[in-house]
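One letter stands for each residue in the lines below.
Protein chains: 2
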Amino acid sequence: MLYIHGPSIPTLLGLEGIRAEGEDDLVYPIEYSEGLKVVSIGFMIEDPTDSIIWRGPMKMKFIKQMIANVVWGDLDYLIVDCPPGTGDEPLSVIQTLGNVTGAIIVTTPQKLAIVDVKKSVNFCKKLTTPILGVIENMSGFVCPKCGERVEIFKSGGGETMAKEMDVPFLGKIPLEADIVEAGDTGKPFIYFYSQTQTSKIMEEVINKLVKN
Amino acid sequence: MLYIHGPSIPTLLGLEGIRAEGEDDLVYPIEYSEGLKVVSIGFMIEDPTDSIIWRGPMKMKFIKQMIANVVWGDLDYLIVDCPPGTGDEPLSVIQTLGNVTGAIIVTTPQKLAIVDVKKSVNFCKKLTTPILGVIENMSGFVCPKCGERVEIFKSGGGETMAKEMDVPFLGKIPLEADIVEAGDTGKPFIYFYSQTQTSKIMEEVINKLVKN
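Heads up: the protein sequence lines correspond to chains E and S, in order. Sequential numbering of the first sequence, starting at 1, is according to this note's numbering. Sequential numbering of the second sequence, starting at 1, is according to this note's numbering.
Just so you know, the hints here were simulated from the structure itself, not pulled from any lab data. Honestly, I wouldn't trust all of these hints.
When chains are identical, the list treats them as one kind, so a pair holds in a single copy or across two.
Once the Cα atoms are required to be at most 20 Å apart in a straight line, the calculated EDC-like pairs of lysine to aspartate or glutamate come out as [claimed, not checked]:
| id | residue 1 | residue 2 |
| --- | --- | --- |
| 1 | Lys-64 | Glu-159 |
| 2 | Lys-163 | Glu-34 |
| 3 | Lys-211 | Asp-76 |
| 4 | Lys-172 | Glu-159 |
| 5 | Lys-111 | Asp-50 |
| 6 | Lys-163 | Asp-50 |
| 7 | Lys-125 | Asp-50 |
| 8 | Lys-163 | Glu-148 |
| 9 | Lys-64 | Asp-178 |
| 10 | Lys-145 | Glu-31 |
| 11 | Lys-126 | Glu-46 |
| 12 | Lys-163 | Glu-46 |
| 13 | Lys-125 | Glu-46 |
| 14 | Lys-111 | Asp-25 |
| 15 | Lys-126 | Asp-47 |
| 16 | Lys-111 | Glu-164 |
| 17 | Lys-208 | Glu-34 |
| 18 | Lys-126 | Asp-50 |
| 19 | Lys-211 | Asp-178 |
| 20 | Lys-64 | Glu-204 |
| 21 | Lys-126 | Glu-21 |
| 22 | Lys-111 | Glu-46 |
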């Protein structure tokens, strides 16, 4: 929801070109399916290639509006997708919502990413936001021709980091061309590739979160 | 230089734990080699896992200081590495420097990335910053066991986008485990893996930029 500079929800869900409807100050979310409503700045700009050049204070204002003015109705979960790092966006979300159940932290396994993600863990600790868990993404790649497993971005870095920093670990999702294809064609992987091993891993991650 | 929330220069160059020296308001860059001096917020914080929770205005101030107060000496090139997107950081850099030779835009090939990178191209156009070119990163992967080429993040998206938006295209750098390993161990790929095909591609990209 909060990738102000690069919203991906319209592409990921095949909703490009759709516009959110509004009334006075209110914004109505897009109903993707019976269980999923979404809002993205991507539904509010005329030209999808137009850049939004906003400084922090403008972003803070937009985030506050998005949280206050979207007519969500009853929700089981409100998931706010934030850009990487510890900048204005996650800070504004946590401060505006006031009462966040917890943060899910996604990383890739290599050290270069782990160095940064440790900062995100400490960011949550500073703000006393509970960490629901760490997901290790792009964790290993299996060659579709010969079956060889290649640890392109290495493997295990997220799991080790979670142990070191004493936060739950949720699972390792491998790097896969089908996940990229699913994203580009607007077909949620977990529905359209539901029989794959990777989809089962994703479901296990979700189950751990839902039971929380 | 300007990954305030997740500085990577210390890890990428094997300079972790090194601190930049200062005097009054001035900061001295770290001399990595005869031809390369670097500055990063990573050289200025005590604990590398500490998160820097700064809003936009603080970042703007820091960026201005970094540009004004670092004792660079004579330079052929000043390269400012910016986080993805069109937020405070690139805007502050362009506005503070005033006279930027140009921007180099790095993307991955898949549509999900291209959608965002088109915004970066338009961001530069709005600010009348010339675009020196587009680099397509993670462009194809060759299985080290069987030699099969797999387009995990697809291929050609950056090249097509550059044509469409009428900006120069600089080259396609493949996805490679050795690049990740080089980054994690602080060994610049182009020096330590100089005999590889991928290193040659990187040199071709550099040559195009130097001749510019």
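Evaluation of the provided hints:
1. Lys-64 <-> Glu-159: neither (34 Å within a copy, 38 Å between copies)
2. Lys-163 <-> Glu-34: Neither. Shortest intra-copy (37 Å) and inter-copy (40 Å) distances fail the 20 Å Cα cut-off.
3. Lys-211 <-> Asp-76: Within one copy, since 13 Å is at most 20 Å while 57 Å is not.
4. Lys-172 <-> Glu-159: The answer is within: 8 Å in one copy meets 20 Å, while 32 Å across copies does not.
5. Lys-111 <-> Asp-50: Result: close only across copies, 16 Å inter versus 34 Å intra.
6. Lys-163 <-> Asp-50: Between copies, since 18 Å is at most 20 Å while 42 Å is not.
7. Lys-125 <-> Asp-50: This pair counts as between: shortest inter-copy Cα distance 11 Å, intra-copy 36 Å.
8. Lys-163 <-> Glu-148: Answer is neither; intra-copy 28 Å and inter-copy 36 Å both fail.
9. Lys-64 <-> Asp-178: Intra 36 Å, inter 43 Å, cutoff 20 Å: neither.
10. Lys-145 <-> Glu-31: neither (39 Å within a copy, 45 Å between copies)
11. Lys-126 <-> Glu-46: between (38 Å within a copy, 16 Å between copies)
12. Lys-163 <-> Glu-46: neither (45 Å within a copy, 23 Å between copies)
13. Lys-125 <-> Glu-46: between (39 Å within a copy, 18 Å between copies)
14. Lys-111 <-> Asp-25: neither (44 Å within a copy, 33 Å between copies)
15. Lys-126 <-> Asp-47: Intra 38 Å, inter 14 Å, cutoff 20 Å: inter-copy only.
16. Lys-111 <-> Glu-164: Only inside one copy: Lys-111 and Glu-164 sit 14 Å apart there, 36 Å across copies, limit 20 Å.
17. Lys-208 <-> Glu-34: For Lys-208 and Glu-34, the Cα distance exceeds 20 Å both inside one copy (22 Å) and across copies (52 Å).
18. Lys-126 <-> Asp-50: between (35 Å within a copy, 10 Å between copies)
19. Lys-211 <-> Asp-178: So Lys-211 and Asp-178 fail the 20 Å test inside a copy (28 Å) and across (39 Å) alike.
20. Lys-64 <-> Glu-204: Neither: 33 Å inside a chain and 46 Å across chains, both beyond 20 Å.
21. Lys-126 <-> Glu-21: neither (37 Å within a copy, 28 Å between copies)
22. Lys-111 <-> Glu-46: between (40 Å within a copy, 19 Å between copies)
Hints 1, 2, 8, 9, 10, 12, 14, 17, 19, 20, 21, counting from the list given before, are not met by this structure.
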